[in-house]
Every structure is written in C-alpha cells, then in structure tokens.
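Student: The primary structure of each chain is shown beneath.
Number of protein chains: 2
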Amino acid sequence: MGEWLEGRTLAEKIKEEIGKEVAYYREKIKKVPKLVGILVGDDPASKIYLSTKAKNCERLGISSEIFYLPENTSFNELAKKINKLNKDDEVDGILVQLPLPSHLDTFEVICAISPEKDVDGFHPHNLGKILHNEEGLRACTPLGIIELLKSNNIPLEGTRVVVIGRSLIVGKPLAAMLTNENATVTICHSKTRNLSEVASEADILIVAIGKPAFVTSNFVKEGAVVVDVGVNRVSDRNKIKELFGDNKEKEEQFEKKGYIIIGDVHPEVINKASYLTPVPGGVGPLTVAMLLKNTLKAFKKRNNLE
Amino acid sequence: MGEWLEGRTLAEKIKEEIGKEVAYYREKIKKVPKLVGILVGDDPASKIYLSTKAKNCERLGISSEIFYLPENTSFNELAKKINKLNKDDEVDGILVQLPLPSHLDTFEVICAISPEKDVDGFHPHNLGKILHNEEGLRACTPLGIIELLKSNNIPLEGTRVVVIGRSLIVGKPLAAMLTNENATVTICHSKTRNLSEVASEADILIVAIGKPAFVTSNFVKEGAVVVDVGVNRVSDRNKIKELFGDNKEKEEQFEKKGYIIIGDVHPEVINKASYLTPVPGGVGPLTVAMLLKNTLKAFKKRNNLE
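Just so you know, the protein sequences line up as chains L and G, in that order.
First residue of the first sequence: 10, per the working numbering; consecutive thereafter.
First residue of the second sequence: 10, per the working numbering; consecutive thereafter.
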C-alpha cells in the first residue's frame, strides 16, 4: 500500500514563510502586497473560493479586496474595472474568479489583466513565458503540484509523466512546466485512445478531468506516483458506499452535508501507487498557497525588491 | 517501403494562393502586405535564409525590406529599430533572424516585436494563445508540418504523436498545437530515458533535434509517419557513404559543394515508415510558405479585411 501525499502541511509551511516576508516588508518599506478579486454573478462555489482566498490574505497580512459585480456586467464594464486596477499602483494581483457568465469571453477578460498583475497565470503572455522557460507568473495549481512533488523528493528529471486533462488551468501549463523540469510528458484528453494503457506508462500520473473516481487501478503502473487534482461532489449514497465500503468518516461527512468531495482517482489506487494525493487535502491547499506566493512575487517585482 | 512525403508541391500551391490573394488586394485596396527582416551580424546561413524569404516575397507581390545591423548592435539600438517598425503602419510583419549574437537576449528581443506583427510566432503572447486554443500567429515550421500532414489526409485526432526536441521554434509550439488537434502528444528531449522505445509508440514521429541521421529504424513503429525537421550539413565522405551507400546523386552533391544536407532521420527509416519527409524538400519549403501566409494574415487582420 502506498503513502498519502498530503498537501496541507506543506501549504501551511509555505504560507508561514510568505507571512514572515510580508511582515518584513511591512516593517522595512511600510508596504504590503495587495490582491484584488473580482466575482461576476453570484455562483455560491465561486463566492466560497474567493472568500477563502481573502481570509488567507488577511491571515498573512496581505491586503485584499473583493469586487462583486452583477451577473449581467458587460465586457466593457468589466474591462474598465480591470483597467482601473491595472493602473492602481497599490494593487499587485488581480484575479477574476472563473467560470464567468456565458456572455463574457473568458479569453478576452484574461487578456484585459496586466500580465504583471496576473497572479492566476492565465494571461497568454505568462503562458507563453512557460514555453520560453522564462521566469514569470505561473498558474497556481501546476505550481503547487510541482512544489508538492519536489518537496517530497520525488524526482522529475527523466521520468515519464502522463497528464490526463488539457485544461488551461491545470493540464496545459502543467505539461509545459514539467517539460521544463526535464520530465518526458504525455498529455491525454477525451480523444486519447487506450487511455488506461497510456496512463499506465507513467512514473507520475496526474489527473485533472473532473470525473469522480474515474481513474482506477488499471490506469496505474505498480509503484507510480498519482496526483489527483479532481474536486467532485458526490451526493449519491450508493456511489459513496461503492467507492469507500463501510467508511465511518465518509458516512458522517455525507450525513452532515448531504454530499462528499471526492477526486478523479478511485480510492483503490492507493493499493497500487507508491504515493497518492488525497482529496480533499492534497493539491487543493497548495493552489491557494501558490496564489499568495504569486501575489508576493508580483509585489516584489513591481517594487524592485528582488 | 514507405512513401516520401515531400513538401515542395504543397508549398508551391500555398504560395500560389497567397500570390493570388495579394494581387486581389493590390487591385482592390491598392495595398500589399509588407514583411521586414532584421539581421544582426553577418552569419552567412542567416543571410541566405533572409534573402530566400525576400525573394519569395518579391515573387508573390509582397513588399519586403531587410535591415542589416552590425554584429555589435546593442539591445537598445535593436529595440529602437523594432519599435519604429512596430509603429510603421506600412509594415505588417517583422522578423528578427535567429540566432542572435550572444550579447543579445533572444527573449527580450522577441518581446520587443508587437504581437500583431510577430510573423514568426515566437512572441510569448502568441505562444500563450496556442494554450488558449485561440486564433493567432503561429510558429511557421509547426504550422507547415500540420499543413503537410492534413493535406495528405493523415489523421491527427486520437493518434499518438511523439515529438523529439523541445525547441521554441519547433518542438514546444508543435506539441501544444497537436494537442489542440486532438492528438495524444509526448514531447521527448535530451533527458528522456529509453528514447527509442518511447519514440516507437508513435503513430506519427516528428524529429527536430539537429543530429544527423540520429533516428534509426529501431525508433520507428512499423507503418508510422515520420517527419524529419533536421537540416544538418555533413562534410565527411565516409559518413555519407555509410548513410547512403553508393548513391550517385549524393556523391555528385558532395563533389559540387563539399557537403550534403541530411536530416535527423536515418534514410533506412523509409523501409519501415509509411511516410517519411525527405531532407531537403520536406518540411523546409513549407516553413517559408507559412511565413508568407502569416504575413498575409497579419496584413488582413491589421486592415480589417477578414
């Protein structure tokens, strides 16, 4: 049986370091980083994500502000708001919470953010820098995954990595970043044939597709490292029973909330993998830590503190 | 034995179409696209490349100009020149011939070009657009390779593609573009272990590493499509004999020039592959055609002709 590769402890450690650095700059130059979040509409999950980010900022002494814009905000109104924040010297990081209402073009909105304040790392300029292997603001989840692997002394150079999922947020930037880390990377998606066969070539298998418990043992090479990026709500009691058997903890969670959160990887995989990240508590906490790290990075760069 | 997948005929066809479109705009709006090349220093190969591009422009009615700057041009001088061209409304495409002298930072120079005039497709903004799967100016060699495969009805969706080489000019943008084409792409490089084994998983194998005849039959799955992007000079008569046996044509070329051009793929591979691109005459001609196509595209976009 493999080990659980949990991310909470590492995330806490990283946040502690960020907090110390923020305190240092507050003392030294009487300035702290500022992160601004924008939410268009009132998707409840997005609200929770944003307020978690804001709470984390508060805890570390990072200044933060959230703008709630109505669902029917036009592109021009949103771009105007973003542009004001681009020009605001107090603001170091701007994040527009995704997904956006369907009348807004996500690409156009992302392009409106100044690349130097793009702490989500989704601006094409920042994504292109990955291909150049040039320093820049990198997408948070990929950053967190690489940090998690490295901090557990899991080697990347020369290993075969399979990434399942080609999203802009995880799969695509991660594949390019791992290539820069000298891994041999294959990126799989809905059109990949013989997916389980391809996946089982991997020394490190990373799954980000949003399909609960989709990746079963036959996708996994004996002793592989498996990173589960999925966050899926399951509210079907039978499904939970099927996945976890008589698991008291999961049952209690289900009773309390009416659903449980599970990843893209079937829990049985722990028996075949050398490491598996739990969901929740694996990659998730690192994503937030990396957002804060990016905000500090943008602040330092903008204030010539490097 | 496989078929040679030559690129000259297709390149000619594409150029003919470009020429017609240029003639149409000349007639209709009294304007033609303009491409400007910049050469820093006097590398003989770079000079030849640039003059080939200029000659092609002339043939198609595209206006072109080449600026020859001295080897010791500073970054600021070069950036000033580029900036002037960025602002020049007559100029649609700007290309800085690579490689640059070592005192210049290639990334910084590429960033100085306006993305809308970046006909080489190396600006991070344009590279990032590939990850967004958004329309933009794409790198010419990857564009040419995809065009060559498609025009020969070689399917991409669902196939396994292995790209050997992770250069900014070919491997990295190509891998991302092929992912957008629904292929399952693996990108290999100098740190890849068991390279020949990984390569032989490919339905389509693309080689861009700059090592003469490096890829031999054991890298190739029976019936795979092999695309050879390498352009290497070999001036060792024994090596040529070893590669081609008693080949009159190659011998004559060698006698005439003192070297022959060979690719990264060993000629024996034609016996195992279903298709192999020749060198020269495979991918090369398409790269130039795609540069001209990008120039036309930039012209149309800038003049709202789409």
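Note that these hints are calculated values from the structure, not bench results.
Just so you know, not all the hints are guaranteed correct.
[What the hints assert, rightly or not] Simulated pairs of lysine to aspartate or glutamate, DMTMM-like, Cα-Cα distance not exceeding 20 Å: (1) G:Lys89 x G:Glu125; (2) L:Lys230 x G:Glu210; (3) G:Lys248 x G:Glu261; (4) G:Lys200 x L:Glu99; (5) L:Lys39 x L:Glu99; (6) L:Lys56 x L:Glu36; (7) G:Lys230 x L:Glu251; (8) L:Lys200 x G:Glu25; (9) G:Lys93 x G:Glu125; (10) L:Lys40 x L:Glu315; (11) L:Lys200 x G:Glu210; (12) G:Lys310 x L:Glu144; (13) G:Lys309 x G:Glu25; (14) L:Lys200 x G:Asp212; (15) G:Lys266 x G:Glu251; (16) L:Lys230 x G:Glu206; (17) G:Lys22 x G:Glu74; (18) G:Lys200 x L:Glu206; (19) L:Lys200 x G:Glu190; (20) L:Lys310 x G:Asp97; (21) G:Lys309 x G:Glu99; (22) G:Lys230 x L:Glu206; (23) G:Lys309 x G:Asp97; (24) G:Lys200 x L:Glu315; (25) G:Lys248 x G:Glu277; (26) G:Lys200 x L:Asp212.
[Said to hold, decoys possible] From chain L, some residues computed to sit far from chain G (all C-beta separations above 12 Å): (27) Pro53; (28) Ser55; (29) Tyr77; (30) Leu136; (31) Glu143; (32) Thr193; (33) Glu210; (34) Thr225; (35) Lys266; (36) Ile270; (37) Asn312.
Don't be surprised by glycine CBs; every beta carbon is placed ideally from N, CA and C.
Student: Which numbered conditions among the earlier hints are violated in the structure presented, ordered from lowest to highest?
Tutor: When the structure is compared with the hints, numbers 4, 6, 7, 8, 12, 17, 18, 20, 24, 30, 31, 32, 33 turn out to be violated.
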